[in-house]
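Engineer: Listed below are the residues making up each chain.
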Amino acid sequence: MVDIEIEIDGKVVHGYSGETVISIADREGIDIPRFCYHKKLSVAANCRMCLVDIEGNPNPQPACSTQSSFGMKVHTKNEKAKTAQKAVMEFLLINHPLDCPICDQGGECELQDVAMEFGSDISRFTEGKRIVDDKEIGALIQTDMTRCIHCTRCVRFGAEVAGIVEMGATGRSEDLKIEPFLSEGIQSELSGNMIDVCPVGALTSKPFRYGVRSWQMNSIQTIARHDLVGSNIFTQTHESKVKRVVARDNENINETWISDRDRFSYQGLNSDNRILIPKIKIKGEWQDTSWDDALDFAANGIKKHAKEGSQIGTLASKNATLEELYLLQKFTRGLGSDNLDYRLDAANPSNAKVLESNISLTELETIDHALIVNSYLRLEQPMINHRIRKATLNGASVSTINAKAFDFNYRISHSVLTSPQNTVATLSGVLKALLDKNSQTLPDYLNSVSVHQTHIDIANALLNAEHPVVVLGEHVNGNKCSDQVATLVSEIAKASEAKTLNASLTGNAHSAERVNFKPENGKNALQILSSDFTAFVLFDVYPTFDCIDSENAIEHLSHDDAFVVAMNSFDDESVLNCANVILPIASFYETSGTHINVDNIAQSYSASVKSAGESKPGWKVIKVLADLLNLQGFDFTDSSQIADKALSLTPNTSEIEVPISNSKMPNITTVWQYTPYASDVVVRHASSLQQTRIGQISEASVCKATAKLLELSEGDLYKGVPVNINESVAEGCVFVHTHLPRQC
Amino acid sequence: MNNVCLKSIDKDNPSSLATYETMGGYKVWHKILHGELSPEKILEELKISGLRGRGGAGFPTGLKWSFMPRNQEGQKYVVCNSDEGEPGTCHDRDILRFNPHSVIEGMAIAGYVMNATVGYNYIRGEFMEPYYRFEEALKEAYDAGLLGTNIKGSKVCFDLYSHLGAGAYICGEETALLESLEGKKGLPRFKPPYPANVGLYGKPTTINNTESFASVPEILSRGGQWFADLGVVNSGGTKCFSVTGNVKNPANFEIPMGTPFSDLLELAGGLREGRTLKGVIPGGSSTPVIPAAEAMKMTMDYDSIEKAGSMLGAGSVIVMDDTTCMVKALTRLAHFYYDESCGQCTPCREGTGWMYRVLKRIMDGQGKSEDLKLLLSVQDKIIGNTICALGDAAAMPVESFITHFREEFEYYIKHGKSMVENDG
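Protein sequences, first through last, are from chains A and B.
Just so we're aligned, residue 1 is where the first sequence starts under this note's numbering, counting upward by one.
Just so we're aligned, residue 745 is where the second sequence starts under this note's numbering, counting upward by one.
These are computed hints drawn from the structure, not numbers from a lab.
The model shown is predicted, which means the values in this text are computed figures rather than measured ones.
Be aware that one or more of the hints could be misleading.
List of simulated lysine-lysine pairs, DSBU-like, C-alpha gap at most 30 Å [claimed, not checked]:
#1 Lys86(A) x Lys1161(B)
#2 Lys899(B) x Lys177(A)
#3 Lys1161(B) x Lys73(A)
#4 Lys77(A) x Lys1104(B)
#5 Lys390(A) x Lys1112(B)
#6 Lys1104(B) x Lys86(A)
#7 Lys785(B) x Lys86(A)
#8 Lys39(A) x Lys935(B)
#9 Lys1161(B) x Lys390(A)
#10 Lys73(A) x Lys281(A)
#11 Lys1117(B) x Lys77(A)
#12 Lys928(B) x Lys135(A)
#13 Lys1051(B) x Lys129(A)
#14 Lys82(A) x Lys1117(B)
#15 Lys129(A) x Lys1072(B)
#16 Lys785(B) x Lys928(B)
#17 Lys80(A) x Lys947(B)
#18 Lys899(B) x Lys129(A)
#19 Lys928(B) x Lys82(A)
#20 Lys1104(B) x Lys40(A)
#21 Lys80(A) x Lys1161(B)
#22 Lys177(A) x Lys928(B)
#23 Lys1104(B) x Lys1041(B)
#24 Lys307(A) x Lys616(A)
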């Protein structure tokens, strides 16, 4: 990069050769009006609002597309520039409806802002204004296309960022329309960003529509908790309700984008299904009660039912905050129990070392090959997938080892379809191919492994890459050999000098790992839920959705002798059935807390709104309960004190040898994946997301051969989910993708 | 007359390879294949010839070819712009119909000079007959071994394809043409980068007009000086003019540059009996109109027409006599640009519709006294502010029509009807 010097409005400024004038001006704080320009999108130069005077040019030039050159003299505010800018402003306004009083964008509209400076008081346009039909494009985005100024930011967002060309410009002249090409509407998991990039009120948030004016809301900086990225957001609140969520820039985490899950999940907070008052169960009947009574009831129940601490099992949601997880493990361990776990969806919650992530989000953009194992990354972790997509735009290739051929928004060069029971064999094949290429001696367990051409292809792709990465996704959690899979992924990465990214630790699982929210010697989630423990503490756990063996879990929790304390934010029938006391806790955005993301960045946030009804932040509830049970070391007055304590812990990283053996697995297995809008309790209650096509997904995919063995035909129900027979699924398994609760 | 691009027009079976060869066709190409003509020599001859781009902008062709990074590695392209859509123009159509081999040879020579092994001829969507004629000629050239890989053992390679447009005026703009050729919507690209650096599929590309390519073989065969001497200073050679409008014999005429307009009018049979000349649009609908008195003084070359206040453009001469209502004529032109704007950039998308609607309102008898000021202001806000030249093209006629024929517009606004009694 050559440092060059140019002059803007008489000020000498620096840039690099080829940098656009607008980019330099933005860095220098020199204001140039614009609509089509967006720093994260390609240059279109179509709105012409950023026309500036460049000495030596007869015509004004757009600052967004003009590359600076040494000694260039730019005037952004002289008469020539202003005349051009005002001319464009007039053209933009003649067909704009100017319905600002009824437009949701009013008050935060780029057109409105720029018109204040460059517009005229009186319109010279006396002809009829253009009217454009609105398109129904789904539950999330409201269109008012008459307001559209054709900047094509949404079109470019789809083509360049979301990777699905959904919006396009059809027609020409005044009939140029921005609209979706297909009648299905918008389907991208990142679609809400189009609302953010739209400079006018053409695309606005449908769930937010007509809720409140933008200037009446408070914007609070916080963190989205649904995935392992921890996207930076603003919650925008009014009268103690979250009314809207918008993206907040953080180049290292989410750039300027957020997933639809992070954007629209707030609707869940305002659902009717929240638990607002403490409840206790007396003789099988639920009664509302006071906090004091409920807490006493809970403390006494634990004392009475768990004479020995080891009779207590504690389970927590992986979306709980770092502080909650820390206090809850301290609470459980304080009572003398090591029976605690957050891995409710794990078929094999082993003590093996967790696969580490050693690549940062920004570094992901620089990889040249990614091997994705056991993951539908695009829907599971949209922002991580986005970084990999960016790498593919720069030439990176991607291969996958999955149970199904998923719909990624980039090309997959090598794909191996593998059922869970064959995953160990497939990964062993790839590892063997890698070691063969490296002429390394094979460990004994690889001797009998057969290597297929696709294994060699993937091995070659990894070895030929300079910066490869292996990504392990959340399907591994349902695999009975998950520890072997993780070990093999780690070995593959070692043999190919690849980085690893463990995307199976979803939500705030990194916090749970940090505070060792899992047993060292005690019982894990599966064992706890099959035990005859006499006391259970559930923290935001909804067994029908969250537990891998939900029927068994509910059976054990509902045992007559068991006393179950449930701290929940939402009402749930299975919790009502098995709990003895329900303590309502604050949900997302209602409590302060900390999220640790895949880069090990701990991001703390304060509450955006007060907690619903009488519910209280979880950490306060655990603390009071601990006090009532005379546990020591809970004298915290602020959640940040807890976070400091929790962050000083180091995860237990004892190496445990994982023997690789093709252990006995059933002939036919199930891979269960929730839609991204069923991944936690808050988003499950977000009504608009549920209406989207992604939210409505519910199909059990199975190949013909396996369907025959299972005697399934198209449209039958498999575990409550309609069967779809197609050949994109590995033999020997059923891939269930649904928003419905698990059936065993 | 008709001795470069249209020289086969009166021959039997004019478009055939045999006819072309009897007129000395492919002589230059054979010389190249025999290694007797270097790219440097060709560029030199072209520069001497004074050939300027016949598409409308008039950029010197030799200079344009020399801009191509011919030694840069990778694919390069030659593209012929046969998307002849300027209202009033129809001579490229006749070149394609009657002398397609001159275009093929011209493009092949260009490919050789610029080290481009692939060429495309982008033909206007409505030109079905020219397209088939050109395809036939292309087949003949391939069958005769004049195109392809390692042509006649010379190691020279050139493949040529024709492509039919889909009916958009804007695709005549060279970068919109490239987009269209790539299979996208025809939207002009912002420049720089120019096609010589980033063109078709992102590769260096030279785009020339049909007539420019068709002139090349004759220039090289008879020498640059011969061509230059046909014309006048700064406007070398001959030029095809399409004369339309109120003349007795509308047709295409290939005449030396510098021929007086009055002679051209004469060639086209002159005006009809009892009519007097009112104005002339000399270079196609996007060039300013010139009133009769100025027109009769000008000669048909770049400098003289510019002095008269307009541009030679694509050589599309629209003649208007005293029965023409200038308000109606301008309204029709405004509608054309309003309809053909690609809609991409703001001033053109919004401004062309605005100007058309104001003119339409005047035509409907609803004109207001301030409308002329408004029209002049709107066109002024479009000029120079758009991505491509269509904005300027739409604006310039408005300015010139109102300036030169103001009293007709004022009359229409005041009386709600045309000053011309018998418009026709």
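Engineer: Each hint needs a verdict: does it hold in this structure or not?
Structural biologist: Hints, verified against the model:
1. Lys86(A) x Lys1161(B): violated, 34 Å
2. Lys899(B) x Lys177(A): violated, 49 Å
3. Lys1161(B) x Lys73(A): violated, 51 Å
4. Lys77(A) x Lys1104(B): Violated, at roughly 36 Å.
5. Lys390(A) x Lys1112(B): violated, 56 Å
6. Lys1104(B) x Lys86(A): OK: Lys1104(B) and Lys86(A) at ~25 Å, within 30 Å.
7. Lys785(B) x Lys86(A): violated, 51 Å
8. Lys39(A) x Lys935(B): Holds, at roughly 19 Å.
9. Lys1161(B) x Lys390(A): Cα-Cα ~62 Å, so violated.
10. Lys73(A) x Lys281(A): Given that 30 Å is the threshold and the Cα spacing comes to 78 Å, the pair is violated.
11. Lys1117(B) x Lys77(A): Holds, because 26 Å separates the two Cα atoms, which is no more than 30 Å.
12. Lys928(B) x Lys135(A): holds, 23 Å
13. Lys1051(B) x Lys129(A): The hint is violated at about 40 Å.
14. Lys82(A) x Lys1117(B): Holds: Lys82(A) and Lys1117(B) sit about 20 Å apart, inside 30 Å.
15. Lys129(A) x Lys1072(B): holds, 24 Å
16. Lys785(B) x Lys928(B): Status violated; Cα separation ~37 Å.
17. Lys80(A) x Lys947(B): violated, 35 Å
18. Lys899(B) x Lys129(A): violated, 61 Å
19. Lys928(B) x Lys82(A): violated, 34 Å
20. Lys1104(B) x Lys40(A): Since the Cα atoms of Lys1104(B) and Lys40(A) sit roughly 42 Å apart, the hinted pair is violated (cutoff 30 Å).
21. Lys80(A) x Lys1161(B): The hint is violated at about 38 Å.
22. Lys177(A) x Lys928(B): At roughly 16 Å apart (the allowed maximum being 30 Å), Lys928(B) and Lys177(A) satisfy the hint.
23. Lys1104(B) x Lys1041(B): violated, 33 Å
24. Lys307(A) x Lys616(A): holds, 28 Å
The earlier numbered hints that this structure contradicts are 1, 2, 3, 4, 5, 7, 9, 10, 13, 16, 17, 18, 19, 20, 21 and 23.
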